[in-house]
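**Q** Given next are the chains, with one letter for each unit.
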Amino acid sequence: MTERSSVSANCHGVAEVASSANPVIAVAGAPNVGKSTLFNALTGAGAITGNWPGTSTAYSRGLWRVRSLQETSPMVLSVIDLPGSYSLDPLSPDEELTKQLLLGDDPPAVTIAIVDAAHLARSLYLVAQLREHHMRLVVAVTMSDVAAGRGIDIDPVALQYAIGAPVVIIDPRRRSGVVGLAASVQQVLAAPSVAPRKLPTVAHLPYSERSLILEDDRFAWIEQAVSLSTSDQEAARSDLGDRIDRLVLGSVSGPLIFLFMMWLVFQATTVVASPLQDILDGFFADTLTGWVESVLRALGWDAVWLHGLIVAGFIGGIGSVLTFAPLMTIMFILLALLEDSGYLARAAVITDRMMRRLGLPGQAFLPLIVGFGCNVPGIAATRILPLPRQRLLTALLVPFTSCTARLTVYLMIGDVFFGRWAGTVVFAMYVVSIVLVVATGLLLRATLWRTLPDPPLVLDLPPYQRPTLRLTVSVAWRKLKSFLQSASGIIVAVVIAVWLLQAVPMHGGTFGEVDVADSLYAVIARGIAPVFSLAGFGSWDIASTLLVGFVAKEAVISSWAQTYAVNDPSAGGTIAGMSEALHASFEQTSGGHLLPAVLAFLVFFLAYTPCVATLAAQTREIGAKWTWIGVALQLVVAWVLAVLVFQVGRLL
Amino acid sequence: MSTVLLLSPTMHRRDATTGPLGRVLTAVQDGARTAAEIAVAARLTPSMVTASLEHLSRTGRLRVMELTSGCPAGRCSSCALIDGCETQRR
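Protein chains in written order, with our numbering: chain U, 14 to 665; chain R, 47 to 136.
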């Protein structure tokens, strides 16, 4: 390559500074290795920047005056700062231009390849490819101070021997090593180009195989160069994170720590949030309800149906869900802390390992993890699985993952019936959810999917770090906002629907002024309630929430609050009022076996159909036939388990 | 903050690739899940493993994804659902 004096102006209209007689020195390297810093150190203020002719790719060029080794007058070199490139296999226009300029018809006289000492193995890939061509090459090593800080010491002589080209350690920011670089460039300029490195014979192989073999050969060359030229301190070093990982990822200690962490999150959530929840409950039940009732009275709007819709419906229903906002906030903060600290990534490794041991496809755990947030994206995430059979199997398993909407019901039931053990109950529900996923997966694998290939995956574990307040708050707020946004829309719609059904009299009476037990709502619920008698919760008021939960789990608490508030306005849709009514209902319907019935209800609630949105997502992904097979599977599993829990529980 | 997940859609011929890249792929196919596990199985330094994984990812042999429950915190580009998502953050 000679200087292109015909390129007379750059995009800013600045005249070219170089003469065609100057040897061209190309500076190549991956992005962020200090390439441009070196270029600026060599060329000073005279450099110009513009687009390479015919392209939109920016490059810089300038003159480098070096003390000549043979002559008294300085030697002038024309330096081109090539676009950053990891390799000579271009993946972008920048890399394409770099390849063209280095290997084209008019190559540079000398190529300076910059390598980052802190990431030597990565940086040497480009050098490995350059050594496969006839060219004059000098390797400049930057970032050696950063590498030294990490315990990596590089021997330039050994590296030079391994690469087969001069190696110079430089620090462009301090201009150290520049004189040595100039000497090396002049030496290789004066000598013939070095013979290229020999490559394995691959011409007879298909392209995909050929390229992998060539790349593997380059990495073997890199491994040899790195092992010859760097100290072993990096490999031998074992930091605190490694020691923690040995414990956290241990085959026995790992799952135990994971379960303990999850228990801690739920227990801490329920204990810390309880007083905040009481304050909010008091606000909705007393302050807001009293204020709205006085406004309604002042306006003369004292119709029973209006009171039922506004006070029992909106304030009672929405208020009862909002009282869980502090609880959700605390849980999201704790989970964000675990995520930010790097622990959740380790938990994913534990989960994946567990699934593989059980013979389930490892990749399936990705949609399942998404499903623990919400089943709908969990179903959609099955698209990442390469095989239709894997997608189908996983889409049938996702509904068993316990989504955030179900969490509010666990929390309320836990709080009402189990007091200080509420956190443990919630934790147990998540364990049951995991057991259900695994057991159903094993069942399906043993029957429908006996052979299922399992493509491998790698989890990149972030280093452990101290969680930051800003990030933790931001992640927790985003999750809370998302939950409240989706829940609020659903709840308002369901509150209106439930109110309408509860306002329709079935045994005489006026619209909106009917005992809820005589309403259309209760009649429908009574139709399905006997199904749950064997499970200990066969009363219409409990069964009615399962119908609502079929539509959306977010609306279960609001519909309960609405039912009990309409039934007994003094309860005012409060958690306390609902708690008493629920106690009485479970006590009565279970024949005195309160806790087995509550546990059976929780298990059924976890395992049966998540919501209509999930059904829609399933229909889209796996078709209507498999969606309904899935619904049947969920209902059967949920009912059988609930009956088992109650019948066994009542005997204990 | 987010965990990056790498999925390997392709297998390789073990006898044809016995260098670091081949050993990394073999280790992954044999069940190594983290860089530390790969380093042990492939008898490589952590930096060689990192460089190999980055290369495999850059050349499309490993697919990089964000591991998260629900929507990822920042980039939509790494999300598995991007093709079907109606609420992408642009």
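Some clues are possibly wrong.
Just some of the chain U residues that point at chain R, by a computed CB distance under 7 Å [to be verified]:
# : residue
1 : L225
2 : I226
3 : D229
4 : E236
5 : F273
6 : V362
Rather than coming from a laboratory, the hints here were simulated on the basis of the structure. Idealized CB from N, CA, C, for every residue including glycine.
**Q** All hints, please: hold or fail.
**A** The hints, checked one at a time:
1. For L225/U, the shortest C-beta to C-beta distance to chain R is roughly 6 Å, which falls under 7 Å, so the interface hint holds.
2. Nearest Cβ of chain R to the Cβ of I226/U: about 6 Å, under the 7 Å cut. The hint holds.
3. Because the closest C-beta pair between D229/U and chain R is about 4 Å apart, less than 7 Å, the hint holds.
4. Using the Cβ-Cβ criterion of 7 Å, the hint placing E236/U at the interface with chain R is satisfied: the shortest such distance is roughly 5 Å.
5. A distance limit of 7 Å between C-beta atoms decides the matter here; for F273/U the minimum to chain R is near 20 Å, and the interface restraint is violated.
6. For V362/U, the suggested interface contact is upheld, since its CB lies about 5 Å from the closest CB of chain R, less than 7 Å.
Hint compliance for this structure: hint 5 alone is broken.
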